[in-house]
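Asks: All chains, please: the whole structure from these sequences, using the hints.
Protein chains: 2
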Amino acid sequence: MLKTRLNPQDTAPVAMDGVDGVSMRVLLGGDHGMKNFSMRHFVVEPGGHTPQHAHDYEHQVVVLAGSGEAEHDGETIAISAGDVLFVEPEKHHQFRNTGQEPMEFLCLVPRERAGGGEVPGS
Amino acid sequence: MLKTRLNPQDTAPVAMDGVDGVSMRVLLGGDHGMKNFSMRHFVVEPGGHTPQHAHDYEHQVVVLAGSGEAEHDGETIAISAGDVLFVEPEKHHQFRNTGQEPMEFLCLVPRERAGGGEVPGS
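Taken in sequence, the protein lines are chains V and H. Quick note, the first sequence lines up with residues 73 to 194 if you use my numbering. Quick note, the second sequence lines up with residues 73 to 194 if you use my numbering.
Since the hints were derived computationally from the structure, they do not count as laboratory data. Honestly, I wouldn't trust all of these hints.
Put simply, identical chains are the same to the list, so a pair is met inside one copy or across any two.
Cut-off 30 Å, straight-line C-alpha distance, at most; resulting in silico cross-link-like pairs (DSBU-like, lysine-lysine) [stated by the list, open to error]:
1. Lys107 with Lys75
2. Lys75 with Lys163
3. Lys163 with Lys107
Since the model is a prediction, treat every value here as computed from it, not as a measurement.
Replies: Below is the structure:
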C-alpha cells in the first residue's frame, strides 16, 4: 500500500507569477500512478497568497491548519481549519493567509483538463 | 463558493454488510455537481471497521483523527492522523479502528467506474 504523511517540511517553494510565500507537494499524483485525480498539500506563510487566476478545471480544498480568506468569482470569505471548499472551473480565485501561523490546505484536481491535456502540478 | 465544514456529528450511519460502527457524509459529490471525483468524510468508532472488500475504483485516503490499521492486498499497516494512503483498484482492503477514540478519514473516489457506471456513495 502506498503510504506517506502530511508534513509541511516536505513541501517545496512554488515559483509562479502572482504567488508569494507558498510551498507545495504532490502527495498523490501522476508520478504515483494516479489516473483520475491528484492530491496536493499547500502551505501558505502569513501574508502569503496563491495566484489570482482561473482555469478550466476545478479544485476541492480542505483547510488543515491556520486561517485566511478565499476569493472566488469576486466573493471573499473567511476560511479556517476544518473548512471544505469547492472552486468551480473558470472562476477567478485566490487563497490568502491573513493569520499569524502557516495556513495549510489540501487541494485536489483532476489529472486531465476537460478539453484534454494534463492539469499542471498534478 | 460552495463551502462546508468537517464535522463528525454530520455523518450518517453506514448500513452495509461487513460494516461495524461506521458513519459517513459525502462532502463534495454528485449532489453538489462534482463531475470527476468525490470527497467523503468517514468516522469509525473504536472497534469498528469498514467492509473487507475490493472494487474497480481507487481510494485516496487522509487520516484526520485517531488511529487504527489498514489492510490492503493482504498487508496490514498501522495508520494514524496525518497519514495519506492510496488503495489501488481491485485490491481487497479494510480500515479498522484499533484505538480508543473515533478514527476519522477523508476518502476520495472517482465519480465513474473505469468500465462505466457511477461509483456508489460518490
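Asks: Output the indices of the hints that this structure fails to meet, ascending.
Replies: none
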